[in-house]
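Enquirer: Residue numbers (this note's numbering), protein chains in the order written: chain A, 418 to 763; chain B, 418 to 763; chain C, 418 to 763; chain D, 418 to 763.
Mixed in with the good hints, there may be bad ones.
Where chains are identical, the list cannot tell them apart; a pair therefore holds if satisfied intra-copy or between any two copies.
Below, in silico cross-link-like pairs of lysine to any residue (SDA-like), each with a Cα-Cα straight-line distance of 20 Å or less [as the list claims (entries may be wrong)]: (1) K571 with R613; (2) K687 with I697; (3) K731 with S544; (4) K419 with N442.
Note that these hints are calculated values from the structure, not bench results.
4 protein chains.
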Amino acid sequence: MKLPFASDYMDGAHPAVLEALVRTNGRKVAGYGEDELCEEAREKIREACGCPDAEIFFVSGGTQANATVLGALLAPYQGVLCAATGHINGHEAGAVEKGGHKVLPLPAVWGKITAQQIRQAAEAYLSDMSRDHVVMPGAVYLSQPTELGTLYMKTELEEISSACRTYGMPLYIDGARLAYALACPENDVTIPDLARLCDVFYIGGTKCGALCGEAVVVPVKGRIPHFFSIIKQDGALLAKGRTLGVQFGALFTDDVYFTLGENAIRQADKIRDAMTRLGIRTFVLSPTNQLFAVLEDRHVRKLQESVQFNVWEKTDAFHTVVRFVTGWSTTDEETDALIRCLEDLG
Amino acid sequence: MKLPFASDYMDGAHPAVLEALVRTNGRKVAGYGEDELCEEAREKIREACGCPDAEIFFVSGGTQANATVLGALLAPYQGVLCAATGHINGHEAGAVEKGGHKVLPLPAVWGKITAQQIRQAAEAYLSDMSRDHVVMPGAVYLSQPTELGTLYMKTELEEISSACRTYGMPLYIDGARLAYALACPENDVTIPDLARLCDVFYIGGTKCGALCGEAVVVPVKGRIPHFFSIIKQDGALLAKGRTLGVQFGALFTDDVYFTLGENAIRQADKIRDAMTRLGIRTFVLSPTNQLFAVLEDRHVRKLQESVQFNVWEKTDAFHTVVRFVTGWSTTDEETDALIRCLEDLG
Amino acid sequence: MKLPFASDYMDGAHPAVLEALVRTNGRKVAGYGEDELCEEAREKIREACGCPDAEIFFVSGGTQANATVLGALLAPYQGVLCAATGHINGHEAGAVEKGGHKVLPLPAVWGKITAQQIRQAAEAYLSDMSRDHVVMPGAVYLSQPTELGTLYMKTELEEISSACRTYGMPLYIDGARLAYALACPENDVTIPDLARLCDVFYIGGTKCGALCGEAVVVPVKGRIPHFFSIIKQDGALLAKGRTLGVQFGALFTDDVYFTLGENAIRQADKIRDAMTRLGIRTFVLSPTNQLFAVLEDRHVRKLQESVQFNVWEKTDAFHTVVRFVTGWSTTDEETDALIRCLEDLG
Amino acid sequence: MKLPFASDYMDGAHPAVLEALVRTNGRKVAGYGEDELCEEAREKIREACGCPDAEIFFVSGGTQANATVLGALLAPYQGVLCAATGHINGHEAGAVEKGGHKVLPLPAVWGKITAQQIRQAAEAYLSDMSRDHVVMPGAVYLSQPTELGTLYMKTELEEISSACRTYGMPLYIDGARLAYALACPENDVTIPDLARLCDVFYIGGTKCGALCGEAVVVPVKGRIPHFFSIIKQDGALLAKGRTLGVQFGALFTDDVYFTLGENAIRQADKIRDAMTRLGIRTFVLSPTNQLFAVLEDRHVRKLQESVQFNVWEKTDAFHTVVRFVTGWSTTDEETDALIRCLEDLG
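Can you build the whole structure from these sequences, using the hints too?
Expert: Take a look at the structure:
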């Protein structure tokens, strides 16, 4: 068995999630998320958001969440601004475009976009004499943490939120790995901050201890009319909604979601330290659970014999960016073994 | 707590499914269904289908399966023939149309369509002088058992399959409740029959003991090019694919899937007998786990005080069709209590 | 050359339209309909509508107008109510569904639907416990005259309009053959009536004397935000917009559009009288320029030798419905010759 | 009246086109392009292409042609490679994305892409371990002349065509201004070359002397099954198809299409010479009928008082790129007056 650093969704469920599934298994409840187990989970998430009126919708995956939310927020003639490295731009097989909307990529630095870029894009549209022949920027998408493991600081998000509101563009935040941001010492953005600053965001379950599932949060009730029906139409509604509700109920009990990422950050820190010590080049300085290293191709091949990790992209003819991901379940033994493998590259 | 006869997805997971989730929880495997747990499940399903080369794809829900498969099978200018009572026509919030395809409903008798109807529709298209202005019937959708709980007999499916092949229309079968057909004494259609007779079908998990998930079977490998990518694009790919693979692995071990429906049928038979004895009118003669009764409106209201069931449709100013559904987990106590409630209607 | 009764778009342009195209050909103006020729035409149409603030958009064809307008009026989760015989339901190759929306057909009597049907459909949706799983009726489509040549009376449209407003559903009227309604003595619906009663309608050019083009009228300015951009996105915007503007300018000068249909009605009346005299069965009693007759199949074949007309549908094994269409350019010679052919059927 | 250099679609029809419309106006023919006038035009285009079996479809505009052809060529999971400056990427309001497909922009030099870029994009996809999560490049779009007025040389197109065939990607060429390429001395690409090298291309009418209309050429018959029906579904089929057929018949009689651009090139050359003489900076060296100049902003404002032209984009805080377009109908007087205006900028 190779060392498991390919992703944070290689494991099963967090023990608290599994326990809740087992404990509630015998109950018989209504379908489609209209049951008390889902409602309990929603209530806990509302509390965590500091939004007593927030609407919460559970869907089974992240691409689904992104395509469904953006499809609901955008008018037919609108597209979505995002980092060129944004997940919706490169790794969702064109799901947003399948829904009819252009993704409008902005050059990103370390996976992040800025309020200034958003303002410029909005102004460029407004001042374009041919703007009616152009896709209107109609929403902003970003990820916290980003696809490169970096974090938006609270002031950055506040400026982005302000820019979005100036131009009437809803802000949507993809929190697929949100638990790993929350557990990161560098992070100063809380869930209530997200709820305050954006129009819609989702709290990732799949990569943060659930078997599957993401919780889409709409802080202002009624922001998306008929969203339940849209979710159904997009095939994103689980008949046995309790499957997701029970899991999120467990994640938002006893601070599981807020502490679950700590181990991942600790293991990532150990690997980061080892990379520094070994002089391994870092591709991007990320403080969370994704680490990007630039390795010689022959080292990549050697490492592949004993470690599962991602080959990200070539930087030149002889070097490749690779990604290691830790998770809530990464063990000290696994991390130490990975570090030994890195040491052995010589 | 009211008696749970609203659906067959009110419970949690079948014990064998839950046990498998718990047992495999500690393993770390690759994502997106490209792991050994999923592959084991696929191998078991291939055996059950008698199709060593079949491709199996796990998706999280039925509407998703239907929209994704039909979107992949149909050319842009084609629509799908189905019973007017078909799930895709009335209860999926327009998911197939959202994907760009017209649903072409055929009048159904007890939820079923016939080979003759399919041939007539195909011939009507071909003989229409204006056929290029008309949506071309490009596939056939049916459910086994149907949305009204009835069953296609093997000879019927053979004729339908033959009609579809004559006209080059793929046949797609929705097996959301397939386990309940397989457990029904009246049924003579096996899973290998489905694999032999149709182009794509899905084996329902959500309504048949899983927490979520359906297994889409493509008996002839390569029938849908790039189907993995299509599933990703449609938001139907779980990152943690093992969540579905483990469940289907358990369902297809020790004949769980083939025996799981027996209890549901037995409980349904008891209710059917009671309805006959009590002179309650049957809306449709279904041999599986869905029972449709015509009740006086006042009786409906009374029953709602103690039983969860579905209000289907009005038949006249004073009567309503209601649906009771049993499942693998329905208990004798629940059934007996329901029968007592029916007796009490007077 | 066979007698031309297949459609009202067999001829070139009405002389007044052709003259205007020739007269304005040398002028150089801005593109995309943002020129003075288009603006003059719009101003004339606004006057004809009695709506000084109406927005007018020229598009090149009817299917395009229907799909673009309905796509703009409907939310993603909504469908459009229409007569089962409606053009969008049967003869536009699934254009509305391609745009993601279900067409919700209502049984039609002589091509018409009623306010009561609309109210019932809206109420059925609202009272459906599962309405979130169902396509919401979000707009109403009808044609004046209908696809069967019949006419809505003003009281009927007022009731329909009232029903639509009660339920918040926009009313859209397809006026592909509007000139033939306006010229019909039975008609009591004016263009200002349409502007008053519906949310959007289009004034047909293609079938009413233009080389191509339809004028979409939005009586209340701003009803469809960014409609220009939507039209561009749907490929419905002509770069040389003046091509349509000049034609509609001519059609709405000197009452051309209001008198152009008179000849068609007169010729149709002659054919209708002949059919009555000859005992030819009428399929539907239409007072406008489309005539539907039930003929023996052998008579159809004989007639096809010398007349161009439409084969509509079979009524039984030996009879077929055929359609004859007259137009603004149908001559007395052509009509008399057709009548002789009908007489010769014996 | 300001000098008309904003586009090549400011005028009416070329005299030969107008004459043909007038001459054929009295004929009554079948609809939807299934008439002898359209067939004559198709036959002439087939001859001009050197493709006796080519299929020709007339549609009313360029955005429509692009979206319809690309929608027909691409599978749902595919996108289209094009220059970042390509018309489909920036000036069609997201029409291709509305159809569900991602536009995959490549950095362009002077509006052109290369065979090497196409090969690299195809190889990058094939070698991407996550390619099933990525939009597959499924076709290549380019314009001749390009959106910046530049030309592909025959060897460049041959290499591009070869790259496309290596990777199984259809090549589609947008010939909106094709007549201006054909009339350009620098050009060495003929219409038969286009027919030989690409899978589909269109011959522009709107910008080349027609009132409206483009002729889509499919050199290999049957390359797009049911394309007529797709065109209808996309709202791109004119009922009065003869309107387009007659115009293209005239354009392809007596070499009109091949000589019509000569005047435009001659006038553009005069402006180019004047710009050189006056030391006006050229933004891109284009040999056809579009000229791009970099002007001081105050000169732009002054010029706008007497000339219609396009403001393209800012190059810095004080300068702007502007575009002048000549056409088949540009007169010596107009050109001389424009040159005087440029001289007067001082």
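Enquirer: All hints, please: hold or fail.
Expert: Hint by hint, here is what the structure shows:
1. In this assembly of identical chains, the alpha carbons of K571 and R613 lie at most 20 Å apart only when taken from the same copy (11 Å versus 52 Å across copies).
2. Taking the closest pair of Cα atoms, K687 and I697 come within 20 Å of each other only inside a single copy of the chain (14 Å); across copies the shortest separation is 61 Å, beyond that limit.
3. For a Cα distance limit of 20 Å, the shortest separation of K731 from S544 across copies, 11 Å, qualifies, whereas the shortest one inside one copy, 38 Å, does not.
4. When the C-alpha separation of K419 and N442 is checked against a cutoff of 20 Å, the pair qualifies only between copies, where the shortest distance is 17 Å, while the shortest distance within a copy is 34 Å.
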